[in-house]
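So the protein lines, in turn, are chains X and P.
Residues in the first sequence are numbered consecutively from 1, following the working numbering.
Residues in the second sequence are numbered consecutively from 1, following the working numbering.
Watch out, some of these pointers could steer you wrong.
[Unchecked claim] Stretches of chain X that chain P covers, calculated by requiring three or more beta carbons in the stretch to come under 8 Å of a beta carbon on chain P:
hint	stretch
1	158–167
2	258–265
[Said to hold, decoys possible] Looking from chain X toward chain P, a few residues come up when the C-beta cut is under 7 Å (computed):
hint	residue
3	F40
4	S233
5	L289
6	S290
The hints are simulated quantities; they were obtained by calculation from the structure and are not laboratory data.
Because the structure is a prediction, the values reported are computed rather than measured.
The C-beta atom is built at its ideal place from N, Cα and C for all residues, glycine as well.
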Amino acid sequence: MQNHNKFWFVLFFLFLFCFLGSIAQNKKDSVTEVTPSLNFSYLNSTDTIILTANIFVKRDAGVFAIKNAVIEFNASGDKETRDLGQAIADAEGNAILKILPSTVIPKDKNGKTNYTAIFNGKGKYLPAKESFSVKSAHITVNFSKEDSLRFILVSANYLDSKGHIKPIQKEKIIVYVPRLFNLLKIGEADLNEVGTCKVDYPGELVGDSLGNIMVIARIEENDTYGNVQGQSSISWGTPKQYYLAEKPTRQLWSPIAPVWMIVTLIIMLSGVWAHYIYAVVQLIRIKQLSKKKPNS
Amino acid sequence: MENKEIKEKLLREFAPQFEKTSPLALGWIIFLLIVIGLGVYAFITQVTKGHIVTGMRDNVVWGIYIVNFIFFMGMSYSGAIISGTLQLFRTEWRKPIIRMAEYLAIISLLIGPGYILLCIGRLDRLPYLALFGRIQSPITWDVIAISTDIFGCLIFLYLSILRDIASMRDFSELNVPAWRKKTYSILALGYSGTPEQEKILRRATDIMATMVIAIAIIVYSVLAWIFSVTLQPGWHSTIFGPYFVIAAVYSGTGVLIIAMWVFRKVYHLEQHITRKHFISMGVLMVVLAALFGYFTFSDYLTKWYGSEKNDERLIRILFSQYYWSFIFSNYIGVLVPLIVIGIPRLRTIRNITLSAFIVVVALWFNRYLIVIPTLESPYLPIQDSRPEWVNYSGTWVEYSLMAAGVALFCLLFTLASKFVPVMNVSEISDVPKTEPTDVFKAEESLL
Chain X
1 MQNHNKFWFV LFFLFLFCFL GSIAQNKKDS VTEVTPSLNF SYLNSTDTII LTANIFVKRD
61 AGVFAIKNAV IEFNASGDKE TRDLGQAIAD AEGNAILKIL PSTVIPKDKN GKTNYTAIFN
121 GKGKYLPAKE SFSVKSAHIT VNFSKEDSLR FILVSANYLD SKGHIKPIQK EKIIVYVPRL
181 FNLLKIGEAD LNEVGTCKVD YPGELVGDSL GNIMVIARIE ENDTYGNVQG QSSISWGTPK
241 QYYLAEKPTR QLWSPIAPVW MIVTLIIMLS GVWAHYIYAV VQLIRIKQLS KKKPNS
Chain P
1 MENKEIKEKL LREFAPQFEK TSPLALGWII FLLIVIGLGV YAFITQVTKG HIVTGMRDNV
61 VWGIYIVNFI FFMGMSYSGA IISGTLQLFR TEWRKPIIRM AEYLAIISLL IGPGYILLCI
121 GRLDRLPYLA LFGRIQSPIT WDVIAISTDI FGCLIFLYLS ILRDIASMRD FSELNVPAWR
181 KKTYSILALG YSGTPEQEKI LRRATDIMAT MVIAIAIIVY SVLAWIFSVT LQPGWHSTIF
241 GPYFVIAAVY SGTGVLIIAM WVFRKVYHLE QHITRKHFIS MGVLMVVLAA LFGYFTFSDY
301 LTKWYGSEKN DERLIRILFS QYYWSFIFSN YIGVLVPLIV IGIPRLRTIR NITLSAFIVV
361 VALWFNRYLI VIPTLESPYL PIQDSRPEWV NYSGTWVEYS LMAAGVALFC LLFTLASKFV
421 PVMNVSEISD VPKTEPTDVF KAEESLL
C-alpha cells in the first residue's frame with residue numbers, strides 16, 4: 001500500500017510540474033523610446049506628383065513597419081513653404097500622398113522645390129524627418145514608324161526658375177511595358193541636347209484583347225529631377241486571346257468534383273443507409289409482431 | 001432467454017436510481033447547470049462582441065474549440081467501437097459496462113459538433129455548407145460523416161436499450177410518474193420477448209454493431225484527413241488516419257473506466273462491476289497505450305529525421321514552448337498505464353481509474369499539441385503578421401465553454417442513467433445458452 005501511495009505522490013508532483021510549466025507566461029518587453037527611420041521618395045508621373053514616405057524601426061529581430069503613423073508633407077521654395085497635406089502609413093509603413101497638377105508648388109531661385117516628410121512622433125516613437133530637392137520635369141512618349149521599323153520617341157523637359165521650358169540633357173531614359181506582376185524593360189537611351197531620344201520597339205509584345213499596349217518612359221533616381229515618368233498607349237501589341245473552356249473540367253480544385261469521388265461517396269452512403277433502413281424495418285416488424293399477439 | 005427472477009431482482013436494485021433523486025444528485029445536477037449557465041454567458045459574450053474575445057487570431061485560427069471537437073468526437077467513436085466490439089464478442093464480463101460505452105458514443109457525438117459551431121464566426125452562413133458545399137472538401141465529408149454517424153449511434157443505442165425499456169414498462173413495482181411509464185410503453189414498441197422478436201432484435205443489433213464500428217473508423221479517419229490532406233507541417237502525415245483512431249479509442253477507454261468507477265461508487269454496483277472489469281479494460285488501455293506510443297514515436301521520428309525546415313521549426317517549438325505539455329501527453333500519458341497495469345501489485349481499481357484520468361488529460365493535451373503549435377509555425381508566411389498574434393492563448397470565454405461542454409456531458413450521462421439502467425439488465429439476466437454437448441455425446445456413443 002505504501003508503495004502505491006509513493007508512486008501516486010511522485011506522479012502528482014510530476015503532473016503539477018508539467019501543468020505549471022505548460023501555462024508559463026512569457027516575459028513582456030519593457031517600453032523604450034525608439035527613433036524611427038524614414039525613407040522618402042518622389043515620382044512625377046505625367047505631372048501628378050506622388051510622394052511616398054516609408055516609416056519603420058530597425059530592431060535586432062528585423063525591420064518593423066509603423067502602421068498608422070501620420071506623415072505630414074510640405075514643399076518649400078525661396079520665399080514660402082506650402083503644406084501639401086498628410087497621409088497615414090499602411091501595414092507596410094508606406095504613407096502615399098498624390099499632388100495634382102493644378103497644385104501650385106513653390107520653387108527656389110534654381111527652379112528646385114524642397115520636399116519634406118515629417119513624422120511628429122507618438123508614444124514611444126520619436127519624431128523623424130526626411131527631405132530632398134528636385135526640379136519639376138515632364139516626359140512625353142510618342143511613337144513613329146519608319147519602313148517596317150517601329151520606334152518609341154521620348155522627350156523630356158523641365159521648368160526653370162523663370163517658368164521657361166528647357167530640355168533635359170544627357171540623362172538616361174529607361175522604357176518599360178507593364179506586364180502581369182511587374183514592369184518589363186524594353187530599352188534605354190540617353191537624352192540628347194534637345195532633350196529627346198529614340199528607342200527601338202521590340203518585335204512581339206502581347207497587349208490587351210484589342211492589341212493596345214502601354215509604354216512607360218522613366219528617369220530613375222536622378223539627383224536633380226528625382227523619379228519622373230511619362231506614358232502613352234499604342235495599338236502595336238499582339239491581341240491577347242482568352243481561352244474559355246466550354247464546360248468546367250472535373251478536378252480536385254474545380255467546382256465539379258471528379259466522378260470517382262462522387263461514385264465512391266454514393267456507394268458508401270448507400271451501403272450505410274441501407275443498413276440503417278434495415279434496422280428501422282426490423283423495429284417496425286417487432287412492433288407489428290406485438291400487435292399480432294393477443295394481449296399478454 | 002431471460003431469467004425473470006434475476007431481472008426483477010436487478011430492477012428492484014436499480015429502482016431507487018429512477019424513482020428518487022438524492023440531495024447529493026440534485027446538488028450535482030445544479031452544479032452542472034451553473035457551469036453550463038456560465039458557458040451560455042460566455043457564448044452570448046462571444047456572439048455580441050465577436051471572436052476577438054477568444055484567443056484565435058489570423059495566425060492561430062483554430063484553438064481550444066477545435067481541440068475539444070476532436071476530443072469529444074474521439075470519445076464518441078471510441079464508445080461506438082468499444083460497444084460494437086463488445087456486442088459482437090458476447091463475452092460475459094462485458095454485460096455491465098456495454099451500456100456506458102453506448103451512452104459515451106451518443107452523448108459525446110451530440111456535444112462535439114457544438115464546438116464547431118462555436119468556432120464558426122458567421123453562424124448565419126452555416127446553410128452555405130449544404131447549399132454550396134464542395135464534395136472535394138474534407139470538411140464536407142466530415143459533415144456528412146458526422147450526420148450519418150449520429151443516426152447510426154442513435155439506432156444502435158435504441159436497439160440496445162429496447163429490452164430494458166420493455167422491462168421497465170412491465171416492472172409493476174416501479175414507482176415513477178405516469179408520463180414516464182407512458183414513455184416506456186411507447187418506446188418499447190410492444191416488445192414482449194417472444195423468440196421471433198428476440199431473433200429480429202438480435203440480428204438487427206449485430207448488424208448495427210458492425211456498422212457503428214466501421215462508421216466510427218471511417219468517420220474519425222475523415223476527421224484526421226481534414227488535417228493530413230493539408231500541406232501544413234505537423235499535419236501532413238500519412239499515418240494521421242489510424243493515429244487518430246488509435247488515440248480516440250485510447251481516450252475513450254480512459255473515459256469509460258472513469259465512468260465505470262463513478263457509477264460503481266454512486267449506484268453501489270460493486271457486485272456487478274468488479275475488479276475483473278477494471279483489469280479487462282485496463283489491459284485494453286495498455287494495448288492502446290503501446291499502439292498510441294508507437295504511432296506518436298513513428299510520426300515525430302519521421303518529421304525529425306527528415307530535417308525539413310518547417311518540420312524542424314515545429315519540433316523546436318514543441319520542445320521549447322510546449323516542452324512539459326509534450327512530455328506529459330506523449331510520455332507520462334503512455335508510460336503510466338503501462339506501469340500501473342503492467343505491474344500486478346499496482347492493478348487496483350483506484351490505480352487503474354487514476355491512470356485512466358491521466359490518460360484522458362494527456363490525450364486532451366495531445367490534441368492541443370497537434371492543433372496549436374502547428375498553426376504557430378505556418379507553412380507560408382502570413383501577411384501583416386503581428387508579433388502578439390503569433391502565439392495562442394485561450395481566454396476565459398473558451399475555457400468556460402469547454403467547461404460547459406464537459407458539464408453537459410456529465411449532465412446527459414447522469415440524466416440518461418436515471419431514465420434507463422446504466423447496466424444492460426436484460427442481458428445480465430439472460431440465461432446462458434446450453435452447449436449442444438448432448439448431441440455430440442450421443443453421436444460418439446453410436447460410433
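**OP:** Kindly indicate which numbered hints from before are broken by the structure, ordering the numbers from low to high.
**Re:** 1, 3, 4
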